[in-house]
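Asker: Could you put together the complete structure from these sequences and hints?
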Amino acid sequence: MTIGDEFSEVLAAAQAGDARAVERIYRDTAGLVIGYLRANGAPEPEDAASEVFVSMLSSIGRFAGTEPQFRSWLLTIAHRRLMDGFRRTARRREDPVPTDELGERMIDLTGTDTEAMARLRSLGIIDAIDALTPDQRAVLLLRALADLPVRDIAEIVGKPESAVKALLRRAVASLARTLDERGQAGTA
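FYI, the numbering used here numbers position 72 of the sequence shown as 57, with every residue one higher than the one before it.
These are computed hints drawn from the structure, not numbers from a lab. Predicted, not measured: the structure shown is a model, and the values here were computed from it. Take the hints with a grain of salt, since some may be wrong.
To be verified - Computed spacing ranges between beta-carbons, pair by pair:
#, residue 1, residue 2, range
1, K150, S44, 41 to 51 Å
2, S147, D3, 36 to 46 Å
3, E(-6), P119, 36 to 46 Å
4, A158, E(-9), 35 to 45 Å
5, S44, E(-9), 17 to 27 Å
6, D69, E166, 18 to 28 Å
Note that the Cβ used here is the ideal one computed from N, Cα and C, for glycine as well.
Answerer: Given below as structure tokens:
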């Protein structure tokens, strides 16, 4: 969902402290942020998203740009929160998160999202995405979920555009190979 033609006005109102404008931005971007965090294995995606929006509020006054740039900026905050969380977890935990637990986290949804995720899991797509490297998964999801251009993805993940393009190519090739091996490529 996007704000569209009203984005400049909504942004200006949010920057001025208008609670309704902030709520509109939240409503229109929360699904994207939570989806990105969940798909990248955030242990508590809703909590992490709350931190993202608190960070957004503290620095929204300095943002200037279009709605796509705003979404990219917001996903940059989400990506950094995600990486910070992984670093904290790595320092506290010696054992990695089991793959089956990551899969459970990815399908911990309600309503129609649950049905969609169950369908994706039955097709083997979730397992194939889980098998990607963290970098491949991050760039693929930013491209597929957020429909961001390579330039914006590179900025979010802190890598050169050429590296992002290579990661995307490898991710797509790996997904195709995995799904093909499972005989799912023709039905996906």
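Asker: Could you run down the list of hints and mark each one as holding or not?
Answerer: A quick look at each hint next to the structure:
Checked against the hint of 41 to 51 Å, the C-beta distance between K150 and S44 comes to roughly 29 Å, which is inconsistent with it. For the pair S147 and D3, the supplied restraint of 36 to 46 Å holds, since their beta-carbon distance comes to about 41 Å. E(-6) and P119 have their C-beta atoms about 38 Å apart, which keeps the hinted 36 to 46 Å range intact. Between A158 and E(-9) the beta carbons are some 40 Å apart, a value that agrees with the proposed interval 35 to 45 Å.
As the Cβ distance of S44 to E(-9) is approximately 22 Å, the hint placing it in 17 to 27 Å holds. Remark: the range hint 18 to 28 Å for D69 to E166 is contradicted by a beta-carbon distance near 35 Å.
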